[in-house]
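Colleague: Chain by chain, the residues run as shown.
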Amino acid sequence: MAKITIDGKTVEVKDGLTILQAAQEIGIDIPHFCYHPALSIAGNCRMCLVEVEKMPKLAIACATRVIDGMVVYTQSEKVKKARQAVLEFILINHPLDCPICDEAGECKLQNYTYIYGPGHSRFEEEKAHKPKRVPLGPNIVLDVERCIMCSRCVRFFDEIVKDPQLTFTQRGDRVVLTTFPGKRVDNPYSMNIIDICPVGALTSKDFRFKERTWNMTAVESVCPGCARGCNVYLWVRNNQILRITPRVNLEVNRYWMCDYGRFTYKPVNSDDRIKNPMIKVNGELVETDWEIAVETAASILKSVKPDEVAVLGSAYATNEDNYLLQKFAKSVLKTKYVDFLRHVKDGDEDNFLIRADKTPNSYGAYLVGVRSNNGFGFNEIVEGLRTKKFKVVYVMDDDIVLNDEIYSLLDEVKVIVHATNKNKTVEKADVVFASASFAEKEGTFTNFEGRVQKINIAVLPKDYEPWMLYKPRKFGEVKPNTGEINKANLALSRLFKFGTQFDRWASGERRNVKPSWWVIMQVANKLGAKFTYASSSDVFKEISETIREFKGLSYDLIGDEGAMINKN
Amino acid sequence: MTQTKIDGRAKTREIKRKANLNLLERLYLPEIFKGLSITFRQIFKPKFTFEYPDVKWQPPASFRGRPVLVVDDETGVERCVACGLCARVCPALAIEVVADETELDKERYPKKFEINMLRCIYCGLCEEVCPEEAIVMSKEYELVFTSREEAIFGKDKLLTPASKLKDRLEFLRKMR
Amino acid sequence: MESILIAILKAIIFILLFLTFSAVLTYVERRISAFIQDRLGPNRVGPFGLFQPIADVVKIIFKEEIIPANADRTLHTLAPIISLFVAYSVFAVLPIGEKLVIDGKEIKLVLADVNVGFLYILALSSLGVYGVTLSGWSSNNKYSLLGALRASAQMISYELSLGLSLVGVVLVSGSIQIDEIIRSQANVWNIFYQPVGFIIFLVSVFAETNRLPFDLPEAEPELVAGYHTEYSGMKFGAFYLAEYTNIITASLLVTAFFLGGWYFPFVDIYSGLNPNLSAILQVIVFFGKASLIIFLFMLVRWTLPRFRYDQLMRLGWQVLLPLALLNVLVTGLVKILL
Ligand code: SF4
Ligand code: SF4
Ligand code: SF4
Ligand code: SF4
Ligand code: FES
Numbered sequence: 001m002a003k004i005t006i007d008g009k010t011v012e013v014k015d016g017l018t019i020l021q022a023a024q025e026i027g028i029d030i031p032h033f034c035y036h037p038a039l040s041i042a043g044n045c046r047m048c049l050v051e052v053e054k055m056p057k058l059a060i061a062c063a064t065r066v067i068d069g070m071v072v073y074t075q076s077e078k079v080k081k082a083r084q085a086v087l088e089f090i091l092i093n094h095p096l097d098c099p100i101c102d103e104a105g106e107c108k109l110q111n112y113t114y115i116y117g118p119g120h121s122r123f124e125e126e127k128a129h130k131p132k133r134v135p136l137g138p139n140i141v142l143d144v145e146r147c148i149m150c151s152r153c154v155r156f157f158d159e160i161v162k163d164p165q166l167t168f169t170q171r172g173d174r175v176v177l178t179t180f181p182g183k184r185v186d187n188p189y190s191m192n193i194i195d196i197c198p199v200g201a202l203t204s205k206d207f208r209f210k211e212r213t214w215n216m217t218a219v220e221s222v223c224p225g226c227a228r229g230c231n232v233y234l235w236v237r238n239n240q241i242l243r244i245t246p247r248v249n250l251e252v253n254r255y256w257m258c259d260y261g262r263f264t265y266k267p268v269n270s271d272d273r274i275k276n277p278m279i280k281v282n283g284e285l286v287e288t289d290w291e292i293a294v295e296t297a298a299s300i301l302k303s304v305k306p307d308e309v310a311v312l313g314s315a316y317a318t319n320e321d322n323y324l325l326q327k328f329a330k331s332v333l334k335t336k337y338v339d340f341l342r343h344v345k346d347g348d349e350d351n352f353l354i355r356a357d358k359t360p361n362s363y364g365a366y367l368v369g370v371r372s373n374n375g376f377g378f379n380e381i382v383e384g385l386r387t388k389k390f391k392v393v394y395v396m397d398d399d400i401v402l403n404d405e406i407y408s409l410l411d412e413v414k415v416i417v418h419a420t421n422k423n424k425t426v427e428k429a430d431v432v433f434a435s436a437s438f439a440e441k442e443g444t445f446t447n448f449e450g451r452v453q454k455i456n457i458a459v460l461p462k463d464y465e466p467w468m469l470y471k472p473r474k475f476g477e478v479k480p481n482t483g484e485i486n487k488a489n490l491a492l493s494r495l496f497k498f499g500t501q502f503d504r505w506a507s508g509e510r511r512n513v514k515p516s517w518w519v520i521m522q523v524a525n526k527l528g529a530k531f532t533y534a535s536s537s538d539v540f541k542e543i544s545e546t547i548r549e550f551k552g553l554s555y556d557l558i559g560d561e562g563a564m565i566n567k568n
Numbered sequence: 001m002t003q004t005k006i007d008g009r010a011k012t013r014e015i016k017r018k019a020n021l022n023l024l025e026r027l028y029l030p031e032i033f034k035g036l037s038i039t040f041r042q043i044f045k046p047k048f049t050f051e052y053p054d055v056k057w058q059p060p061a062s063f064r065g066r067p068v069l070v071v072d073d074e075t076g077v078e079r080c081v082a083c084g085l086c087a088r089v090c091p092a093l094a095i096e097v098v099a100d101e102t103e104l105d106k107e108r109y110p111k112k113f114e115i116n117m118l119r120c121i122y123c124g125l126c127e128e129v130c131p132e133e134a135i136v137m138s139k140e141y142e143l144v145f146t147s148r149e150e151a152i153f154g155k156d157k158l159l160t161p162a163s164k165l166k167d168r169l170e171f172l173r174k175m176r
Numbered sequence: 001m002e003s004i005l006i007a008i009l010k011a012i013i014f015i016l017l018f019l020t021f022s023a024v025l026t027y028v029e030r031r032i033s034a035f036i037q038d039r040l041g042p043n044r045v046g047p048f049g050l051f052q053p054i055a056d057v058v059k060i061i062f063k064e065e066i067i068p069a070n071a072d073r074t075l076h077t078l079a080p081i082i083s084l085f086v087a088y089s090v091f092a093v094l095p096i097g098e099k100l101v102i103d104g105k106e107i108k109l110v111l112a113d114v115n116v117g118f119l120y121i122l123a124l125s126s127l128g129v130y131g132v133t134l135s136g137w138s139s140n141n142k143y144s145l146l147g148a149l150r151a152s153a154q155m156i157s158y159e160l161s162l163g164l165s166l167v168g169v170v171l172v173s174g175s176i177q178i179d180e181i182i183r184s185q186a187n188v189w190n191i192f193y194q195p196v197g198f199i200i201f202l203v204s205v206f207a208e209t210n211r212l213p214f215d216l217p218e219a220e221p222e223l224v225a226g227y228h229t230e231y232s233g234m235k236f237g238a239f240y241l242a243e244y245t246n247i248i249t250a251s252l253l254v255t256a257f258f259l260g261g262w263y264f265p266f267v268d269i270y271s272g273l274n275p276n277l278s279a280i281l282q283v284i285v286f287f288g289k290a291s292l293i294i295f296l297f298m299l300v301r302w303t304l305p306r307f308r309y310d311q312l313m314r315l316g317w318q319v320l321l322p323l324a325l326l327n328v329l330v331t332g333l334v335k336i337l338l
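Chains as they are written, first to last, in UniProt numbering: chain A, 1 to 568; chain B, 1 to 176; chain C, 1 to 338.
Be aware that a few hints might be false.
[What the hints assert, rightly or not] Below, in silico cross-link-like pairs of lysine to aspartate or glutamate (DMTMM-like), each with a Cα-Cα straight-line distance of 20 Å or less:
1) A/K127 x B/D105
2) A/K205 x B/E149
3) B/K45 x C/E29
4) B/K112 x A/D307
5) A/K210 x B/E51
6) B/K155 x A/D503
7) B/K56 x C/E29
8) B/K112 x A/E412
It should be emphasised that the hints constitute simulated quantities derived from the structure, not laboratory data.
The model shown is predicted, which means the values in this text are computed figures rather than measured ones.
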């Protein structure tokens, strides 16, 4: 332990910490560009200079380890001068690009210049010109002029994914960030460098110029791309997700997420969404309202005997949806045939984040009771279809048409399906419930390790208004002293809050979709059950009371970070 | 009591309080007649009215009419880079900008630029914040629409060549 | 039979005459007020905007009539009728000339030649307060009610001085029949005998007609529109019409009582003329003088600011009333002594 004094506050910190880390522990943030908690220390930006007693010159806080009895000043006149000088120096060749720069609003350089900068420029000469709009690979565009040579991106490839793809060439003000000759940046985790780049030098091809950061609402969620369940923010404007960025969770994904996960919003926005419930009339699916769709489904199910119906849950659906589905199957439909499909892509797995299981909640679906009991699983269901054992197949949030045989077998039975997007199963359906996607509902996913994590409403369904969102939040502000925007508080953008139905920027499409647990409850109640859940948290409460692994869990406990199930 | 006139010339004048009115003044009537004669004379003075639809008022450069987008004379494209600062500063949330990429040097251009003239309060903050001098207040004050939809002006109505906005652009440079 | 027919005809002509006159007045007032404020005023409908009153009438007739949900519907409708009725009834005894002779028949230029015309006018003008009070009360609106209360208090206060100032005229003229009073001024107008009475009468008449500077019952800054806040359409038009009709009546009365009616001062131009010609001349002169008074009404409106309520009451009770009493006393004394 070392006893040090920072800005008059005396604390004991662990040996081996740097001044910057020690300061962060007591809530003092020292501005920095090149330091990143997950990367090695480069010490090249000099933004973190602080004054240390008995040291002849200012020291960089990111690389200086604490020593017992150290006295540090982060706000002294000398330090302020140094910061101004560093910023002025960086800005000498930094273009005046903020108006067209995607980083603006969450840019460290912009924020630090605003907070610590000299406020004017003495530079009159022509700035150095370097390549702009350099495509670095399929997903990234580089603007060399904006790069401040902090080398975070270089270190990310070297250290985190161990796949060096970027480097600097030349020196001084001619230095250029570039790929190795003839190579592209195509690592499956490459887009993380966009997030860690403290400026707007690296931009996402997909998101480029889509929207200014402050116009979007950031909602905490969980990536549905694989069983890892990386924590993410969904960035929404006008009821459309525009990008997904990782949310720090040291237990799950740390600071990162994979490139594939960043595109999992596409199906939510896509044109093949099912926007209203549908029923089959004369062989054609026609849109209808919920009342009629539920009624139709109930009348189909009423006529079948137990075990004449096969029920399929989903590893894409939440714990709540799956729990209620199996309860419905077992207590109302009284069928033994309950299972869900696994979507495992063998080999597509690494020891970093990506999992072969491409669904977010297969473990959860299994735990809450959607599982085959000796000989009543998916294979037996297909077999049953062949032997015409079933009258009805009830599918929730999945596409069970794995091959042409199943496709034609479905002609023989009535099919009730919950679906977010059009798929092969929907083509065969008699009733289609328009299902809320992961961005349109509340619920929990259980990742492959057994961590229960919460997803939230980011895209509003038809019957939701902004003020009904799960918790009231403040418009984001810069954390005092730092260049970091507190994204958790950046939520509800101004546009989101004050739009009216007459503003085109606030009249983005609201789909008439419902979470699956709600739909199941309606159908079950039509069939005589008495389900009375008002929200997904009611369902989760019942899960925590009845399923051993979920004992003691609640939405409050899960919070933003998630919570582990009881494994013993 | 001494009063200083606005133009700086000092002028001394007794202010009459109720206590020191003389009899004639207390009768009020003479003063009333004085007033009546002033208004009467006013009848024959020249009039200031513009007979509006026939005669139109030409506003000075400082006038804040409806905001328009400046089209550069040389390049023929709008100066706007769709930075969205005008939309951010607009106190009435009147502006919506949707950006897209362009091959031009400016990289970014407004794919969609809409001002809801029902929301706009003609404050001119958008003009003031614009880093590109791309949105300025025109002299146009005749705005008529018959539906909410019509009141949302898109790029077709907003784009205006810089040559037509000379007055205002010069004024802005002068005031900078 | 014939006389009834003539009376009806006369009534219709009178009403039409006054309707047109008050319509024209609205136009004139707007123009004059515009000129005083260096504006142009209505000049679009017809030449010089002369048809503006017609457009206004058409507009006001087609406007939606709104009766507030909690208003007393009967009284709400009755009030403007009372106001208008009273305003028009006053004309009945007002002679506007001597007589026409058609076919050897004499037609007096007065609707009802009663010998107590003077009292009739005083009586009716105090009825006018009912219209105002009822409208304010029935609207069930605090502004309307306040306006109505002010109006009734104001009218009652000023009626006293109004009546008393006329006593002087009656004493001088020796009659309470209006045409007699006018005829008695053939040589010298009453204003020269009764200057104080004239001023008191003029001020009281301003107050009675609720015109600036005494328009407290409808003081816009405080009471929205006073007693007719809740009126719209033709009912509002009725109040408007009543106001202008009252102005015309008041001006005619001022002319009749103090400014010699249809006579020029000190000369008699009518004797020896053809009675018909002289009647027409008389009407023109009478209305000409009244028009000047109306102009004064308008000039005052755009010159003097509104009184405060306490000032209004003080003027009425502490200045005008004692002055009027004194005037009666002095006139009486002089009458007796001479
Ligand atoms: S990187 Fe930051 S400072 Fe540089 S242009 Fe972009 S927003 Fe502005
Ligand atoms: S591109 Fe960004 S992260 Fe990479 S060196 Fe430049 S500033 Fe740093
Ligand atoms: S501030 Fe100027 S450049 Fe930016 S979006 Fe508005 S008009 Fe365009
Ligand atoms: S003038 Fe003001 S209100 Fe109108 S668009 Fe510009 S900033 Fe918005
Ligand atoms: S953060 Fe310390 S030198 Fe860059």
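Colleague: What hints, given by number in increasing order, does this structure fail?
Modeller: 2, 4, 5, 7, 8
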